[in-house]
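**Q** Make one complex out of these two single chains by using the hints.
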Amino acid sequence: MDNESQYSGYSYKSSHSRSSRKHRDRRDRHRSKSRDGSSRGDKSVTIQTPGEPLLDAESTRGDDRDDNWGETTTVVTGTSEHSISNEDLTRVSKELEETTPLECKRFIGPALGGCLSFFALVTPLAFLILPQVLWRDALEPCGTPCEGLYVSLAFKLLVLLISSWALFLRPSRATLPRFFVFRCLLMVLVFLFVASYWLFYGVRVLEPRERDYRGIVEYAASLVDALLFIQYLALVLLEVRHLQPAFCLKVVRSTDGASKFYNVGHLSIQRAAVWVLDRYYSDFSVYNPAVLNLPKSILSKKMTGFKVYSLDENTTNNSTGQSRAMIAAAARRRDNSHNEFYYEEAEMERRTRKRKARLVVAVEEAFTHIKRLHDDEVASSPKHPREVMDPREAAQAIFAPMARAMQKYLRTTRQQAFHSMESILTHLQFCITHNMTPKAFLERYLTPGPTMQYQQQNGRGRQWTLVSEEPVTSALRQGLIFSLRRLDFSLVVTVTPLPFLRLGEEFIDPKSHKFVMRLQSETSV
Amino acid sequence: MSYIPGQPMTAVAQRIEIQKLRQGDHLILGFSIGGGIDQDPGQNPFSEDKTDKGIYVTRITPGGPADVAGLVMGDKILQVNGWDMTMVTHDQARKRLTKKKEDVVRLLVTRKSLEKAVKQSMSH
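Going down the list, the sequences are from chains L and A. Per our numbering, residue 119 is the first one in the first sequence, and the count goes up by one each step. Per our numbering, residue 1015 is the first one in the second sequence, and the count goes up by one each step.
Chain A extracted, bound-state conformation (with noise of 0.2 Å):
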């Protein structure tokens, strides 16, 4: 997952569909999400490699529509209803996550047990 800024990078990625959920006048997906290209990429306890400034799943609300949909702690968020999240700020990406008009969210994430995954099938 390590990236270096203008090589093609290649991952190994899950789609996940969450449902956002009404509750009272906001709609909320049920997670956390942080990292950044404005923000530091050294705090960062999920990344591998520490110069990484993508979006990270930072917590996940136990019942809530993301954890339903099967999104995991520790994930890096890839693209967002098609829109690219591995150079965005902070902000940027949480305004991407919460538009009101949608009512649904697709992701594209990736961990590294996906990769784990994907070799061991490989080898069988």
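Excised from the complex, chain L in its bound form (with noise of 0.2 Å):
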């Protein structure tokens, strides 16, 4: 409680004496080369140099992990997803940690769907040129239907222009690992009608040198009318088929049970995880280690059970015997662990009810200290001169009193590790700039929001393996159960379908709303 206040804050000189050795080491690695000193012991605040971790050295973690836990994952970009069967995962498992460099992979397809694309663009031009450039003499001259039929094919090739690029060629954010099998699928199909198109007219143009180049433009024109089907039958499949709802995600984080429903349509297994982490970036709230559902005390005892040696010379049946042996004892002791913890989190509660109390007055107070300078407004006069600031200066100046209380309310609730120094400057600096109450700038502390919010955003991608017991590309089905892992939690994913609903009609005459008193007099006689 208070005598905390003694030792913690910023002044890294003052504890020194009195921190452990573990502590010690820990906050040697964070020490900067330029470094304000205070007194000991006393209450005042000091700035650090920006980079610092908001903690001190007598931080309440449990573990000591590393501040930095959410990146220092292997290094990949875009949101990869590599599949494994569960029968794979020992023997996959070791390639996984490895780290990967930026991946030629991810470009593979776009570029394989931009040639196929340019060359079934390319091919109707070539039918219409090549009898120009070889046999124009020889050409039997067309007249205005042909060149409706140009308007049409350049109108419909710029149409398949940009519908491809919006299909085919847009770079995706997640890249699976088997093959999306509808675009695969689309791309042979594309592939097999340019070449039995450019077939047939090797073997009835080129050949006998074709005379009628009516008939060679109209060939054209089928071909392209041929690709915007094809292009239509994409546009359905990779794109409306699956915004009709027709299956009910649950989604469950496995560590602290959070978890969500979502509606999705058909999908297959590895498109609906994409969704699914789409989804988890910004409606789950932040996955924090340091959160444990039973707090250490009551954990560590709960593990200290009875050892049970048996004297026996004969071992077969040992193991079963010793464990029913122990579940018997343990169910025997009289188990007052439930009590400890109502009273540890009842505990717990009272203290950040406290802290956030402390926290919300301080900030109040912080705020108070700095008003906008208008325009209009006469910077300084010469009897009360006033200094004018930026808002970087301005949260520099109103951070100091509210620091401690923000840290040890960061404390309290275990987001020390989210929060650094320099993350809440910035973040008092942005409420100064847009005129934000102290109850804005506190939304963000008092509590944790979506994953997204705590992204740095640099060019390496999350890294997430779908483990599944069937194969990825299957289409999602009722009872389908999936999970998406990362290094320290999973998101187990359940599918259910969404139920068939059948509606009826009942009509209401208005007319038939009549009311009447419910009477319950007592009279006396």
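A portion of the hints provided could be inaccurate.
[As the list claims (entries may be wrong)] Facing chain L, from chain A, some residues (calculated, C-beta under 8 Å):
{"hint": "1", "residue": "1024"}
{"hint": "2", "residue": "1028"}
{"hint": "3", "residue": "1043"}
{"hint": "4", "residue": "1048"}
{"hint": "5", "residue": "1106"}
In short, the hints are calculated from the structure, not lab data. Bear in mind that the values here come from a model prediction, so they are computed numbers and not experimental data. Beta carbons: idealized from backbone N, C-alpha and C, even for Gly.
**A** Rendered as structure tokens:
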């Protein structure tokens, strides 16, 4: 409680002699070159150089985990998934831990699609141009119908160009391990079409040097029509089919049970996984490894059980007998840990509320120290000079009184790993610039936000592993379960179909709403 | 005491004769009634069957004429001076009880304990 404040705060020097060796080592790692000192044991706060984390030497974290827990995973760009089936887990797990450089695999798909589209779009033009180039004199002239066909051909080619760019060439945000079945199917279809058209063209037009130019133009137009229909099919398969909801996915985080329900359409497992991960980053509160269900004091008590040693010579049935004896002994022992858990939780809540109250008051007071200077106000008069500050300096000026309360609150709610002092200063500067109230400033710290809020925008992507017993290109169906694993937690997804709704109709006449009073009178006679 | 309208009903009843007391201009009996076919039967705390719309005694002035005559709170009134009280509105019941020309009202009431008492005496 209050005696903690004597050696908390940014004054590292003050706690130098009191800290244990373990904390001193950790602190040394974070020490920076230039630092203000302060006298021992006093309650002043010194502003450290930015880049230092907010914790001090006495932080009460359970484990010695590094602050940058999220970003020391493998170096992969984009959101990439590797799918492994359960029997390959052990074999492949080693490869997953290796860091991979920027993958060229990410660009193969768009590149292939680009080549194919280019080929497909150039083909009709080639059909038209080749006869002109090779045997122009022998061609029959072609009048107005050809011109109409030219115009429609040009327009259709333009539409094809734009839609192939939209469907196939845009960079995707996720790389899927197995082939994206529909896209491959469509590319194969396009390739077959174009190839067969070329075949026929070669045999029927180039060989005998066909003279009917109008027929050739109509042939090219029919190819473009066929391509348009394939484009339409692609649109439906890739973009529209999965919009109509058909399944309900329940996503549960394995470490703390945070769960959400989502409605999706018909997708394959890997596409559904990408869909879920999109929603995960903005819907789920951030995963905090420091928040355990049971406090450590109670957990450690539960771990110590009875040890049963059997002195029999016969050792065949040992293990089952021993475990049964242990379980029986544990059940007989009076278990009071639920009591302690209850009181511990109540105490924790009280402490958090107290610190939160202090924090809110400190921030409110801090915000009253500055005010915005409008253009028409006189900045300074000779009698009362006031210095004019930009947002960054204003933030630093009012940060000092609230810093300790903020730090203690973050430590109580175990959030200190997510907010460094630099980030708090930046956020304060942002709030001051946009005229936010203290409550708006505190919104970020009082409730743990979604994971997106804590992401640093670097080029490296997030590595997720899709674990499933079925092949990941199979479609979603009832009772399917797959999970998305990261290093220290996983999301387990269960699929249930949405119920079929039978909607009936009942007509209510507006005049049929009538009411009477309920009487319960009592008369004395 | 559950009653199907239209079917004959049997109940163990007690005759109670109450002398009205003159208080100023009024003749009072010293109890309050509740119930009636125009009232909500579900609110009746004394009835066994919550669809029973009969007239029940809800309060008795201690020491009043009804108390002296032996009326108990929770009694269901079946007849007043020969007039039926099982299918009347609340206002009709009040009128039947407070006729200015009558000095005496002879009630036929029933209550649960009467049935028990009859059964007990029959088993002896």
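**Q** Taking the numbered hints from earlier one at a time, note which ones the structure violates and give those numbers from smallest to largest.
**A** 1, 2 and 5
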